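**Student:** Here's the letter readout for the chains.
2 protein chains.
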Amino acid sequence: MSQKVIPVILLGLGNVGSTLLRQIIDTQATVARRKMLHLVPIGLADISGVLFDPEGLSENTLQAVLHAAANKRLLDTVTQTRTLDDLETLIPARAIVADVTASTETRSRLQTVLAAGGGVVLANKNPLIGSWQAVQQLFGNPMLRYECAVGAGLPVIDTLHYLLDTGDQVHQIEGCMSGTLGYLCAELERGIPYSQIIAQAREQGYTEPDPRDDLSGHDVARKALILARTAGWPLEMTDLAVEALYDESLVALSTEEFMAAADTLDAAYANRFRQARAGGHTLRYVAQVGPEGGTVKLRSVPQDSPLGTLRGPANYIALRTQRYADLPLVISGPGAGPEVTAAGVLGDMIKLAQQIV
Amino acid sequence: MSQKVIPVILLGLGNVGSTLLRQIIDTQATVARRKMLHLVPIGLADISGVLFDPEGLSENTLQAVLHAAANKRLLDTVTQTRTLDDLETLIPARAIVADVTASTETRSRLQTVLAAGGGVVLANKNPLIGSWQAVQQLFGNPMLRYECAVGAGLPVIDTLHYLLDTGDQVHQIEGCMSGTLGYLCAELERGIPYSQIIAQAREQGYTEPDPRDDLSGHDVARKALILARTAGWPLEMTDLAVEALYDESLVALSTEEFMAAADTLDAAYANRFRQARAGGHTLRYVAQVGPEGGTVKLRSVPQDSPLGTLRGPANYIALRTQRYADLPLVISGPGAGPEVTAAGVLGDMIKLAQQIV
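As they're listed, the protein sequences go chains X and R. Residue numbers are given in numbering that gives the first Met the number 0: position 240 of the first sequence equals residue 239, and the series is strictly consecutive. Residue numbers are given in numbering that gives the first Met the number 0: position 71 of the second sequence equals residue 70, and the series is strictly consecutive.
No wet-lab data here; the hints were simulated from the structure. Since this is a predicted model, take the numbers as computed values, not measurements. Misleading hints may appear alongside valid ones.
You can't tell identical chains apart in this list, so a pair holds if it fits in one copy or across any two.
[What the hints assert, rightly or not] Pairs of lysine to aspartate or glutamate residues, derived as DMTMM-like cross-links and limited to a Cα-Cα distance of at most 25 angstroms, are as follows:
1) K350 <-> D164
2) K124 <-> D209
3) K3 <-> D265
4) K3 <-> E247
5) K350 <-> D84
6) K124 <-> D164
7) K124 <-> E256
8) K124 <-> E54
Pulled out of the complex, with its shape left as it was, chain X reads as follows (with noise of 0.2 angstroms):
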């Protein structure tokens, strides 16, 4: 067999997208040798610019690419010579594109890319988020991947993907899909005080600058509506409850008001954690979703339950379906952390560049 030659571009080039980028590059004897593909960037783009050489761009410009990402300076240091509209006319029709932004400004452009027969992977949750109409296209197009969405590289999508193709059905999905908050009910349950663990985790750099969006649910909110869309249930985000770990009464507050408040939950959560403690159960933050729409809440799980045994930072996905009734289908590890969300990207890349023809 010949190698198989394919264009890639890359929408994003931070943390995630330049480790992608490094693996691409380090990879490239692998994945010629295993699966006789030779993925080659043409395009680069961020915010600052685009790069763009239909032949590949070269050695050089990918290392001073790298180069430039690790010291946060990005695009900014290499010669620009596209802008992203430009690009969007420029990718041939057998290109694969990645977009790992954070973006909202994406879904168009990559759908642009999908009808001109290329394939698109998503770290980026975006574009899959909005109304059902809006994305109903994306989610039945088998040129789209989206396995970095929920759990990083951990092969969640892909399982739900291979029980839909070989006619199972998926009943319900449950599951812990947030480092930071899983992190947060181990810490708890230490008996550790809410606002010291948050301020600690903020400190570190776990939770986003304003821990609050973490903390109101809404990133796993995300998460499971994706998944309850891949299992083929058409649900809206407004079909999931979804309780928030922080109080109401804080929502107007600045993040260092917030961060100042904090501690009158203290007592609140300590006391939840206790009561569960006293019956043999723990609290976990669980999302579970079926046909008819879903919870994303602070749960109480028998402390020797697979949720319960949970260690912090690990996320875990269960999916029970017709043929995995009794006992669920489970996948679990860590699910965040740039090397690999990267390989999950490159995993799917790797997957669209066989389908094409």
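Following the hints, position chain R against chain X.
**Tutor:** Okay, now just chain R, sitting in the frame of chain X:
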């Protein structure tokens, strides 16, 4: 996109083979819609004969085979048109052959299919056992898939391949890979005597006719060897130290003699579980393998660990890699049964069909 038509041939029409044939027929609309694929059964073979039609076996023929299989009469009720040697010369180049036999004689036939550019799916583990030299080529062939060799339809092999494709390095694989022995451990943990568990499990068809075929650990060792070789370690069966779950003194007995003598082991196993429990532990039959070799044996694990909380027949496979170092990537769930095994084979067939140009 137009439908891609891929001829498929099944070797073996036992429980898994006939379930697979039914799934192929039942999912034709699903696979067409989701994957733009049409899998057309052109050949069926078992010990009693071969059916072959290069244009696709008729609906009537397929239904007759399914009906015969359900009544355990198999192909001898329908017209046999060819022998297995004929079949080999008749397989078209773009076909996919699924080996769902337990035969040790299929490897060279399958190599012929691969050499002609076809795809091969194995549920049969035998072609992957034997010396590394004899099977090395198979493990390196991207047109061979064997998801069901370990954990039935659980996506273990696919996940290992994805990790390796994206440049990860596997450090260790650990897990419980036998539903039968998982059940045995769960029952011993409950205090049921060894001989009673085995007699009941045998009666209900959960064990091989001679339970020592399960208790020897040989089947688990074969799975561990396949995982190790998939991970890139050129191991031989002799690199695995295997503990049988019965005494060496009982090897020479007939099946009935063994069943009658099994109660001589009751005290010893009850004692081992009692000792483990005293230390907050329990025992699980665990395969553990790394680049240099491995063990397959009864291991003491904390009661509140993932292996300790594993429910009866569930399988559990943990992959520790360069990227999943602190917390492993874990896949668990039921690892046996015709429906999930057939679905794993069908999933492999679909993935191969997507790769065939």
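**Student:** All the hints need checking, so say for each whether the structure fits it.
**Tutor:** Okay, the hints, checked on the actual structure:
no.: 1; hint: K350 <-> D164; result: both (15 angstroms within a copy, 10 angstroms between copies)
no.: 2; hint: K124 <-> D209; result: within (19 angstroms within a copy, 52 angstroms between copies)
no.: 3; hint: K3 <-> D265; result: neither (58 angstroms within a copy, 60 angstroms between copies)
no.: 4; hint: K3 <-> E247; result: neither (55 angstroms within a copy, 54 angstroms between copies)
no.: 5; hint: K350 <-> D84; result: neither (27 angstroms within a copy, 35 angstroms between copies)
no.: 6; hint: K124 <-> D164; result: both (23 angstroms within a copy, 24 angstroms between copies)
no.: 7; hint: K124 <-> E256; result: neither (29 angstroms within a copy, 62 angstroms between copies)
no.: 8; hint: K124 <-> E54; result: neither (30 angstroms within a copy, 44 angstroms between copies)
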